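Which chain is which? The protein sequence lines are W and G, in order.
Numbering of the first sequence is given in numbering that gives the first Met the number 0, commencing with residue 0 and proceeding in unit increments.
Numbering of the second sequence is given in numbering that gives the first Met the number 0, commencing with residue 0 and proceeding in unit increments.
No lab work stands behind these hints: they were computed from the structure.
Note that this is a predicted model, so its numbers are computed, not measured.
All C-beta atoms, glycine included, are put in the ideal place defined by N, C-alpha and C.
Some clues are possibly wrong.
[To be verified] Here are the simulated DMTMM-like pairs of lysine to aspartate or glutamate, each with C-alpha atoms no more than 20 Å apart in a straight line:
no.: 1; chain 1: W; residue 1: 373; chain 2: G; residue 2: 84
no.: 2; chain 1: W; residue 1: 6; chain 2: G; residue 2: 144
no.: 3; chain 1: W; residue 1: 293; chain 2: G; residue 2: 176
no.: 4; chain 1: W; residue 1: 6; chain 2: W; residue 2: 290
no.: 5; chain 1: W; residue 1: 69; chain 2: W; residue 2: 246
[What the hints assert, rightly or not] Example chain G residues on the side facing chain W (calculated, C-beta under 7 Å, incomplete):
no.: 6; residue: 58
no.: 7; residue: 63
no.: 8; residue: 84
no.: 9; residue: 87
no.: 10; residue: 90
no.: 11; residue: 91
no.: 12; residue: 96
no.: 13; residue: 102
no.: 14; residue: 104
no.: 15; residue: 106
no.: 16; residue: 107
no.: 17; residue: 116
no.: 18; residue: 118
[Unchecked claim] Not close to chain W: a few residues of chain G, all C-beta gaps over 10 Å, as computed:
no.: 19; residue: 50
no.: 20; residue: 61
no.: 21; residue: 80
no.: 22; residue: 142
no.: 23; residue: 154
no.: 24; residue: 210
no.: 25; residue: 224
Chain by chain, the residues run as shown.
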Amino acid sequence: MRLFALKMLFGDAAKFYGILLGLGFATLLISQQSSIFVGLMSRTFGFITDTPQADIWIADPDQRYLDDNKALRTTAVQRIRGIEGLDWAVPLFKGLIMVQLPDGQRQMSQVIGIDDASLIAGPSRMLQGSLDDLRRSDGIIVDERACRREFMVKRPPEGGAPRPLRVGDILELNEMRAEVVGICKATQTFQSQPVVYTTYNRAIQFAPPNRRLTSMILASPEPGQDIDRLCATIRERTGLAAFPTDDFRNKTLNYWMSETGIPINFGTSIILGFVVGVAVAGQTFYNFTLDNLKYFGAMKAMGATTPRLLGMVSLQAATVAVLGFGLGIGVTSLFGLTIPGDRLAFRMTWHIPLIAASAVVLICVGSAALGMYKVLRLDPAEVFKG
Amino acid sequence: MSIAASRGGPAVLARGVSKAFGSGDARVIALQGADLELPCGEVAMLVGPSGCGTTTLISIIAGLLARDQGQLEVLGTDPNALRGDQRTLWRLRTVGFVFQQFNLIPQLSVAENVAIPLVLAGVRRAQALERASDMMARVGLSGRERSAPLKLSGGQQQRVALARALVNEPRMLVCDEPTSALDGATGQSVMELIVETCRHPDRAVIIVTHDERIFRFGDRIAHMDDGRVDRLTDRHGTALGLGAPERTALGFAE
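Could you put together the complete structure from these sequences and hints?
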């Protein structure tokens with residue numbers, strides 16, 4: 000009867016496609032909105048995950064998240080280096096500085112100043128030039144996405160058509176000379192500002208004069224040292240906040256989750272997706288079962304056992320669930336593959352299809368259960384009532 | 000001559016069968032001590048005004064409803080004594096159904112509709128479709144196996160329903176108003192087919208109908224009224240002498 004159950008499902012084209020589109024749309028909304036949400040949230044701590052060398056992140060105790068810069072005194076790094084058990088500690092500058100392009104355009108940019116000696120926390124993927132080129136005089140490395148967008152030179156000094164910023168171009172950072180020595184691929188920031196890498200000492204020259212210019216200190220323990228204990232020691236000895244990498248990432252994420260309306264906005268869309276699924280697909284599937292109730296009744300009269308009829312409804316529900324989910328997740332994947340990552344934050348982790356599948360299963364099980372209840376209560380003698 | 004002895008053995012033996020629905024003020028008595036004895040090898044008709052209990056009685060005989068009181072044997076079995084799926088399987092093996100509205104599943108082909116009882120009985124699909132095709136030939140629908148039921152005329156759909164009812168070779172055929180959705184001529188031809196294909200010494204046919212034009216196909220007509228079988232006649236209206244027997248003896252009070 001399995002084949003007959005499927006034929007009954009596919010044969011009612013209007014309802015079948017209605018259910019399929021309902022489930023597909025619900026899956027699409029849930030998975031696409033979740034993926035954009037995760038993508039956006041990932042951008043809030045992208046710099047942390049892009050800096051795998053650092054195991055400990057040291058910041059001002061009042062700093063709430065990665066970009067909530069409350070700079071430290073430049074001498075703080077010396078105090079940190081004095082703590083036993085640390086292998087190394089390097090200063091980090093992370094701040095907004097005005098960049099002037101060769102054609103005079105100005106653009107506020109995220110400048111990251113990394114340790115001059117070790118170049119720890121530099122971009123992980125170079126497209127042109129090398130990280131060592133930062134050691135050259137006035138050297139800066141620019142994010143490739145910014146070269147094509149915010150740093151597009153619209154009126155090149157040499158004349159000709161607009162072109163992307165390129166290696167060898169001379170910029171001004173806070174009215175100080177800087178030369179592009181490399182192009183890198185950097186994780187996009189939440190606010191999508193262009194990212195410029197340079198050395199720490201050069202960055203604090205670019206920045207307006209201040210006694211507090213060290214944004215954070217990155218550190219790593221000696222082998223065998225307990226990171227949590229080291230963080231506690233740093234807090235105790237310096238009064239600064241110190242976090243293992245995962246904790247700092249979670250702190251940043253938690254800030255965005257709890258202090259902004261972003262989760263509510265995306266959560267609303269995701270709930271809407273579920274409601275659409277219930278309203279369209281669940282309701283249509285239930286109606287489909289109701290429409291077929293007289294045939295189930297006839298089959299029950301003819302000798303179909305209740306488990307067999309419930310099996311037919313279950314198979315129909317499972318089939319639309321798989322197809323609807325496949326359709327929705329397929330469109331979402333296509334969306335993710337097609338839309339450029341620098342335009343839209345999109346990150347589909349393995350949890351997202353699981354969540355969407357659970358929602359689809361919930362919708363189908365719910366509507367099938369209602370249908371099954373009708374089948375269970377079905378009196379075969381009803382077939383004689385015309 | 001006893002009815003049971005007229006042809007074959009007794010197909011239905013009902014004594015004092017009662018059935019009520021609902022409770023309290025909403026209680027409706029559908030059957031109150033119905034007696035009926037039908038032999039194998041005949042076409043019997045249950046007739047009577049609306050609400051007289053024909054549908055309830057045929058549902059109880061076919062094992063679709065449980066009676067409240069009375070005794071019943073259908074082809075040697077009391078369907079009430081069977082529980083749950085046992086009764087369902089008994090119906091599958093024993094009873095073929097023809098419904099007033101045909102109840103053909105529109106998404107399946109005609110042959111697949113006919114094959115349903117076989118598939119339910121565990122016959123492999125290919126073999127079931129082959130047997131369904133043979134049965135369709137018997138009801139004059141050869142070549143329409145792949146048609147959609149809704150593409151057929153009412154008469155053809157009822158033939159399909161008949162083929163579906165008979166494909167499992169049940170010993171009892173139960174028809175509920177088989178001609179009510181058909182015009183006169185088509186109804187007559189469907190009845191001719193039922194009688195022609197079903198009259199067999201080992202098989203019983205019970206038809207519930209209000210259509211007097213088909214009374215002539217019945218060997219025995221049970222006239223019901225007010226939840227009881229009032230009288231039993233042959234197709235010409237001649238009493239067969241089994242009115243309302245032994246109600247008192249069986250202990251059924253008003």
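Would you check the hint for residue 69/W and residue 246/W, treating anything up to 20 Å between C-alpha atoms as holding? 18 Å, holds
Is the hinted pair residue 293/W and residue 176/G satisfied, with a Cα-Cα distance of at most 20 Å? 17 Å, holds
If you draw a straight line from the CA of residue 6/W to the CA of residue 144/G, is it 20 Å or shorter? This hinted pair holds, its Cα atoms lying about 16 Å apart.
Minimum beta-carbon distance criterion (7 Å), residue 58/G to chain W: With Cβ-Cβ at 4 Å, under 7 Å, it holds.
Is the nearest CB of chain W more than 10 Å from the CB of residue 50/G? 12 Å, holds
The hint names residue 102/G as touching chain W; please verify it with the least Cβ-Cβ distance against 7 Å. 4 Å, holds
How about residue 116/G: closest beta carbon in chain W under 7 Å, or not? Check passed: Cβ of residue 116/G comes within 5 Å of chain W, closer than 7 Å.
Chain W contact restraint on residue 104/G - CB to CB distance below 7 Å: With a minimum Cβ separation of about 5 Å from chain W (threshold 7 Å), the hint on residue 104/G holds.
When the least beta-carbon distance from residue 87/G to chain W is tested against 7 Å, hint result: 5 Å, holds
So, residue 63/G near chain W? Judge it on the closest CB pair being under 7 Å. Holds, because the Cβ-Cβ distance from residue 63/G to chain W comes to roughly 4 Å (cut-off 7 Å).
Checking the smallest CB distance to chain W, is residue 80/G really beyond 10 Å? Non-interface label stands for residue 80/G: nearest chain W Cβ at 18 Å, farther than 10 Å.
So, as I understand it, the hint says residue 84/G touches chain W; can you test that by seeing if any CB pair is closer than 7 Å? With a minimum Cβ separation of about 5 Å from chain W (threshold 7 Å), the hint on residue 84/G holds.
Hint violations for this structure: number 20 only, all remaining hints satisfied.
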